[in-house]
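A.B. asks: Chain residues, written in single-letter form:
2 protein chains.
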Amino acid sequence: MKPWDTPVDTLAKAAKAAWPRLARTTGALRDRLLERMARALLNHADDIQTANSQDLRAGEAAGLTASLLDRLALTPPRLDEAAAALRQMARLADPLGQVVGGWKRADGLEIRQVTVPLGVIGIIYEARPNVTVDAAGLCLKSGNAVVLRGGKEALLTNRALATVLRQVLVDEGLPPELLQLVGTPERSELDQMLRLRGDLDLIIPRGGKGLIEHVVTHSQVPVIETGAGVCHLYVEASIEVQVAIAIASNAKTQRPSVCNALETLLISRDAVATHLVPILAALQAAGVALRGCPETVQCFAAAIPAQESDWEAEYMDLILAVKVVADVDEAIGHIRRYGTRHSEAILTRDLKAARRFQQEVDAACVYVNASTRFTDGGQFGFGAEIGISTQKLHARGPMGLKALTSTKYLIDGDGHVRN
Amino acid sequence: MKPWDTPVDTLAKAAKAAWPRLARTTGALRDRLLERMARALLNHADDIQTANSQDLRAGEAAGLTASLLDRLALTPPRLDEAAAALRQMARLADPLGQVVGGWKRADGLEIRQVTVPLGVIGIIYEARPNVTVDAAGLCLKSGNAVVLRGGKEALLTNRALATVLRQVLVDEGLPPELLQLVGTPERSELDQMLRLRGDLDLIIPRGGKGLIEHVVTHSQVPVIETGAGVCHLYVEASIEVQVAIAIASNAKTQRPSVCNALETLLISRDAVATHLVPILAALQAAGVALRGCPETVQCFAAAIPAQESDWEAEYMDLILAVKVVADVDEAIGHIRRYGTRHSEAILTRDLKAARRFQQEVDAACVYVNASTRFTDGGQFGFGAEIGISTQKLHARGPMGLKALTSTKYLIDGDGHVRN
Numbered sequence: 003m004k005p006w007d008t009p010v011d012t013l014a015k016a017a018k019a020a021w022p023r024l025a026r027t028t029g030a031l032r033d034r035l036l037e038r039m040a041r042a043l044l045n046h047a048d049d050i051q052t053a054n055s056q057d058l059r060a061g062e063a064a065g066l067t068a069s070l071l072d073r074l075a076l077t078p079p080r081l082d083e084a085a086a087a088l089r090q091m092a093r094l095a096d097p098l099g100q101v102v103g104g105w106k107r108a109d110g111l112e113i114r115q116v117t118v119p120l121g122v123i124g125i126i127y128e129a130r131p132n133v134t135v136d137a138a139g140l141c142l143k144s145g146n147a148v149v150l151r152g153g154k155e156a157l158l159t160n161r162a163l164a165t166v167l168r169q170v171l172v173d174e175g176l177p178p179e180l181l182q183l184v185g186t187p188e189r190s191e192l193d194q195m196l197r198l199r200g201d202l203d204l205i206i207p208r209g210g211k212g213l214i215e216h217v218v219t220h221s222q223v224p225v226i227e228t229g230a231g232v233c234h235l236y237v238e239a240s241i242e243v244q245v246a247i248a249i250a251s252n253a254k255t256q257r258p259s260v261c262n263a264l265e266t267l268l269i270s271r272d273a274v275a276t277h278l279v280p281i282l283a284a285l286q287a288a289g290v291a292l293r294g295c296p297e298t299v300q301c302f303a304a305a306i307p308a309q310e311s312d313w314e315a316e317y318m319d320l321i322l323a324v325k326v327v328a329d330v331d332e333a334i335g336h337i338r339r340y341g342t343r344h345s346e347a348i349l350t351r352d353l354k355a356a357r358r359f360q361q362e363v364d365a366a367c368v369y370v371n372a373s374t375r376f377t378d379g380g381q382f383g384f385g386a387e388i389g390i391s392t393q394k395l396h397a398r399g400p401m402g403l404k405a406l407t408s409t410k411y412l413i414d415g416d417g418h419v420r421n
Numbered sequence: 003m004k005p006w007d008t009p010v011d012t013l014a015k016a017a018k019a020a021w022p023r024l025a026r027t028t029g030a031l032r033d034r035l036l037e038r039m040a041r042a043l044l045n046h047a048d049d050i051q052t053a054n055s056q057d058l059r060a061g062e063a064a065g066l067t068a069s070l071l072d073r074l075a076l077t078p079p080r081l082d083e084a085a086a087a088l089r090q091m092a093r094l095a096d097p098l099g100q101v102v103g104g105w106k107r108a109d110g111l112e113i114r115q116v117t118v119p120l121g122v123i124g125i126i127y128e129a130r131p132n133v134t135v136d137a138a139g140l141c142l143k144s145g146n147a148v149v150l151r152g153g154k155e156a157l158l159t160n161r162a163l164a165t166v167l168r169q170v171l172v173d174e175g176l177p178p179e180l181l182q183l184v185g186t187p188e189r190s191e192l193d194q195m196l197r198l199r200g201d202l203d204l205i206i207p208r209g210g211k212g213l214i215e216h217v218v219t220h221s222q223v224p225v226i227e228t229g230a231g232v233c234h235l236y237v238e239a240s241i242e243v244q245v246a247i248a249i250a251s252n253a254k255t256q257r258p259s260v261c262n263a264l265e266t267l268l269i270s271r272d273a274v275a276t277h278l279v280p281i282l283a284a285l286q287a288a289g290v291a292l293r294g295c296p297e298t299v300q301c302f303a304a305a306i307p308a309q310e311s312d313w314e315a316e317y318m319d320l321i322l323a324v325k326v327v328a329d330v331d332e333a334i335g336h337i338r339r340y341g342t343r344h345s346e347a348i349l350t351r352d353l354k355a356a357r358r359f360q361q362e363v364d365a366a367c368v369y370v371n372a373s374t375r376f377t378d379g380g381q382f383g384f385g386a387e388i389g390i391s392t393q394k395l396h397a398r399g400p401m402g403l404k405a406l407t408s409t410k411y412l413i414d415g416d417g418h419v420r421n
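Chains as they are written, first to last, in this note's numbering: chain L, 3 to 421; chain D, 3 to 421.
In isolation and in its complexed conformation, chain L is listed as follows (with noise of 0.2 Å):
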């Protein structure tokens, strides 16, 4: 269908020239296309899983590790899962046309302001082959047109889906160009994507800290960044130990490679008495490795002692760095000098701390009494979730459809002039 060689840049350029047509499709539209998507996924599963067989093999020929090897596997209950994905996100409201402001001059002249499409997004990933089908599915509902860059590992996957996809873009009469997938691994097609500004209107990078870092550092187009999150969870004496136990071990515990999970218990001095054993017994019991400050060592000794890169580190494993802070200001210092603005927590039951510890903590996500793992879209009823933004500027915290998203400005008059 195309030759997969095609350079970035042209790629780019067709699909910022197919995108108008998008771009005035309806709603109902864009849901029965990702339906359609969603089936010829199924239907063309044989040729799909042919591919990624064929990716298989030449990892592991290549010697790529077991937990690569399984991302990269597309099984027939994973390609389930991804069409399953597509067909809910079609069920989503339609995230454009949305009327989010207004107002009428005392002249008359009447002020809309409406959500509208960004244009052309580039996502650049790892290995996961059905990320393909997810960040395809999140574009094309929200009106973008979009750039893919997947990892080299699964190239023959991936244009695999993209064919799938862009053949039923043919049969509901949209250019194909509206999904491009960057057919070829070489390193320079990435480092020119990040030069078309113009062309491409976002770039969202989703896998490692170390892609993420380059794609931040040398893009010209602008990103957003889904980063690290170096999570912590401080605990007061006025919570009850049962409490902090539940939530303390739900952060760390329930699924601890995720970016909202904890990483660091900080625990004030006058709590270490009665809370510290307790809680770290419990995760202890739970299969968690404990680094832990002098004073915690002291207290427990089966924590090692915790190391300054210790408070930095992002283990997404069963590993927690646990520190005794004076109070409510040092646990404020400490995350302002190690978090990473993501999601922080403070289990207490004294108004004052929570309400400083809500205002002064800096992050996408700050929680009284709760656990860090709802920083999530699905967790926040988005219904489906790009990323969660440690960035500032245009979308902060979960992301939905919304964040894919910009607005104009619809102004009507009857012949009005500015005096």
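Simulated from the structure, these hints should not be mistaken for lab results. What you were told as hints is all true, and nothing was included just to trick you.
Lysine to aspartate or glutamate pairs mimicking EDC-like chemistry, simulated, CA-CA at most 20 Å apart:
(1) Lys211(D) <-> Glu314(D)
(2) Lys354(D) <-> Asp414(L)
(3) Lys18(L) <-> Glu332(D)
All figures in this text were calculated on a predicted structure; none of them were measured in a lab.
Using the hints, position chain D against chain L.
C.D. replies: Coordinates of chain D only, in the frame set by chain L:
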């Protein structure tokens, strides 16, 4: 009060360290700060004017143009205006702490999204020293620390202004590092500033096209682009000739040097016989030089033939490009090719054409039967304006204080954990 040769990274880090103190001030304190700054500027008018005279003498000696010297001059009435602008900002509603959304989950967890400051904002600008006052006021009002980098021509004036404003911070018990001035004129400091990701949360360039292009291309810090306006007016036959004359004249001649002024008139072919000559005659009578497509020149001999470059020109002067187009489709296509996504207008009584134009033209502000000159924070009722964004991320169109804020989620539970 401070050495003026502190490197910009040191200035930015000090601003970041001081910022939390500002972030927790009340709106009342920030308003009082602005009121006191207004008074202090007038109390120190002599020092400021002495410094400005030195800058002006140096500028004359260096052979600056008369218009640049005019922009550089901070005359007593202009200083009064700068002080008045601060007082007006003080009277605007606090943009911080606004609850912009919120809901309660089925399990009782409460989520609120509230506005918060961005952090430290870098402002890069050129000759006008009043920007020093204006930008400082807008940033402080919205709870942000600010790093100012003005033009080298205004160096002594800016130092005098910053000295006065910083003393007011000290008098209010706030750290003077909340307002930093890059006190040396080296270009290397500007480029260093663009690399301060993490220390600066946002950079806003205010000035000419070259400055903005340089900042946008090289900045690793997120930028809000306030760009050029090549604004179009598309005239259909169904609009009354007198309405078309009034709006075209207002858009082109009321203030030709600004970004929301008209640069290209598009006219539907079926309106040529009735509308073209009266509109162009009125514009010519108002002193506008006309550059037309072949059909325009044929109908109106005083128009000289337009070159390709005329369709791209932001004249900012009493010059207008004029082109006959077949219909609304060709008008939309021309605007897509040559527009700068700023402000575009259609004059018509045909609802179908009006609707298509508003839906399909991709610009911050799309007008029906009104002048493009309304694209302005003051006209929109925002009270203060940082600029007009021609980008799509974070803010689009006229930007008030809200554009200098982000949000965070405050989440309140009572032992809530994720299942």
